[in-house]
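Line by line, the protein sequences give chains A and B.
Taking the working numbering, the leading residue of the first sequence gets 1, the next gets one more, and so forth.
Taking the working numbering, the leading residue of the second sequence gets 1, the next gets one more, and so forth.
One or more hints might be untrue.
[Claimed, not checked] Think about it this way: if two alpha-carbon atoms lie no more than 20 Å apart in a straight line, the pair counts; the simulated SDA-like pairs of lysine to any residue are:
no.: 1; chain 1: A; residue 1: Lys250; chain 2: B; residue 2: Ala128
no.: 2; chain 1: B; residue 1: Lys296; chain 2: A; residue 2: Lys250
no.: 3; chain 1: B; residue 1: Lys131; chain 2: B; residue 2: Thr234
Quick caveat, the hints were computed from the structure, so don't treat them as lab data.
Remember, predicted model here, so these are calculated numbers, not experimental data.
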Amino acid sequence: MTNKALHLDDRLFSDKKLYLPLLAVVLVLPWLPMGIAGPYIIRIATLTLVYMVLALGLNVVPGFTGLLDLGYVGFFGIGAYTAGLLTVYYQWSLWLVLPLAALNGAVWGILRGAPTLRLSDDYFAIVTFGFSELIILVIKNELWLTRGPMGVPGIARPDFFGIALNQPWQTYYLIFFFLLLVLWVVVRIRSSRLGRAWFAIREDEVAAECVGVNVARYKIIAFALSAAIGALAGAFYARWFRFIHPDMFKFWESILILCLIVFGGMGSITGALVGALVLIPLTEILRIVLPSEFSNARYLIFGLLIVVMMRWRPAGLLPLEKD
Amino acid sequence: MMLNTLFDQSSLFLQQLVNGVTLGSIYALIAVGYTMVYGVIQLINFAHGEIYMLGAFLSFSLVTGFFGIGLPFGLAVVIAVIFCALAGVLLDVVAYRPLRRAPRLAALITAIGMSIFLQNLALLIWGAQIKSFPREVIPAFFSAPALQFGDVVISWLQVVILATAVSLMVILQLIVHYTRIGRAMRAIAQDKTAAALMGVNVDRVVSYTFALGSGLGGVAGILVGLYYNAVYPTMGYFAGIKAFAAAVLGGIGSIPGAILGGGILGLAEVFGGGYISSSYSDGIAYAVMILVILVKPTGLFGRFAKDKA
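Produce the complete structure using the sequences and hints provided.
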């Protein structure tokens with residue numbers, strides 16, 4: 001630890017000792033001997049990267065602005081269905097579908113966020129929760145558009161300007177590229193004027209307003225960015241998994257993503273990454289290791305983890321400030 | 001011919017009314033638990049729905065001998081309700097009390113964590129399959145019709161549900177308004193610090209509040225388990241959301257509000273499902289919840305303002 005004053009988040013892109021080994025591990029992973037990095041391992045690694053993107057996106061609202069979002073999976077679902085349906089109906093390229101999905105996510109983020117600007121903590125949480133449940137209900141019932149409970153099968157794989165990406169390692173690198181992109185955006189914004197405005201709102205909304213921070217505007221930007229990132233992850237997920245179903249976007253998915261950032265430390269970018277890195281492979285390991293009657297109930301551990309973290313490490317494993 | 005259809009229409013309407021009131025009285029029982037806890041410690045107790053689920057599972061297990069011994073129906077119900085009340089107190093002491101001075105968000109997240117934990121614990125113990133009460137263990141008269149006007153049937157079970165809910169609400173009002181502990185609850189709801197300074201033992205009163213609310217939630221769980229004859233681990237999730245919406249509609253923190261909200265929501269669900277769209281009947285609760293919070297966060301009778309204190 002040469003530079004104790006700076007949080008890990010600030011050193012993420014500037015400290016070579018920190019990012020070079022990480023980058024090496026991530027890039028080499030698919031090329032490890034097949035015994036270690038079989039298609040299954042790459043699948044879990046890809047899933048982990050998807051959840052890293054989701055954790056970074058969710059982190060923007062509860063972590064940066066201090067508002068508890070209990071319906072994040074709604075944006076994941078909007079992104080997945082936007083991309084999935086556009087692909088199935090029009091066979092558009094990933095590079096057209098992805099920005100559209102992110103844009104659609106941002107629009108819904110703003111639509112959901114605008115009426116909630118004046119709400120206090122728990123009421124905001126309830127509205128976000130109700131909103132995502134309504135989204136899923138619409139997806140489930142509007143058969144003409146979404147095929148409802150039948151799901152959308154046979155979504156085309158991601159493509160790279162006309163070339164289909166069929167190999168697991170190709171999609172793995174693809175989501176890694178998107179993760180780096182999202183990471184770069186949130187790290188840059190965090191230390192910008194915008195990031196400082198969000199932190200001011202998180203610490204004390206009234207005080208922030210009093211010193212001239214346009215609270216409404218900055219909150220709306222946070223909602224839009226967070227939703228866009230969630231939808232981006234959803235769009236990739238739809239093209240990667242090639243099947244989407246309303247049941248994939250249930251309430252406890254929101255809680256799982258929340259659990260990732262609570263574990264790592266709310267507001268901490270590295271915390272969000274570490275949370276996903278530890279917990280997502282853990283769920284997959286539990287699924288295999290536990291007998292089936294226990295593996296259905298493996299989310300018990302997440303419930304317990306949330307409670308224990310709030311009690312003894314409320315700031316998470318990588319807290320923003322050391323005391 | 002026309003007249004016949006008219007009669008069919010009106011008897012359908014009456015039947016829906018009866019079903020709606022029954023459902024509403026159950027929502028009211030659960031909603032009271034949310035609203036009482038919110039009144040004293042300003043916490044949305046997300047795990048309240050799981051206490052309700054626990055009530056259904058415990059009564060089911062006790063009457064069917066899931067734990068080894070089968071008890072008579074009445075005794076099983078009483079034990080299940082007492083256990084729910086204790087579980088509520090335990091929930092508060094273990095999970096929420098250590099966070100009283102922490103930021104509100106921490107307690108809210110803990111409540112969600114407890115909800116997930118308890119739901120999965122039930123899944124582990126009882127499995128995901130829907131359980132139903134065997135015919136021979138529940139009193140036979142429940143399924144018999146109590147009253148019948150033409151096509152409109154009110155079953156004894158509906159009468160029992162309504163009578164239980166109404167009498168429990170009356171008892172609750174008496175406790176809140178005419179006992180020492182009730183006065184202490186109201187004092188804490190008004191001003192926690194001042195109440196503590198006047199010698200009210202806040203922790204003890206909060207425990208009583210959890211016991212009362214959770215006991216009522218347990219009763220509701222048992223009644224629903226009997227009414228739909230279905231007990232499963234996620235039942236608390238859906239009922240919890242609807243009851244919470246009822247509490248918000250009535251004005252969170254207000255007991256009469258929760259009762260009225262429960263009634264309105266029960267009717268809205270049955271009539272909305274019957275006359276508008278059955279696939280969206282679950283959505284009514286969410287829509288009501290969001291609209292009330294956005295338009296009038298204090299609900300019908302609420303005292304808690306939307307702005308930060």
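A quick look at each hint next to the structure:
1. Lys250/A <-> Ala128/B: Between Lys250/A and Ala128/B the Cα gap is close to 17 Å, so the pair holds against 20 Å.
2. Lys296/B <-> Lys250/A: Distance ~28 Å between Lys296/B and Lys250/A Cα, so the pair is violated.
3. Lys131/B <-> Thr234/B: 12 Å, holds
Hint 2 from the earlier list is the only one contradicted by this structure; the remaining hints agree with it.
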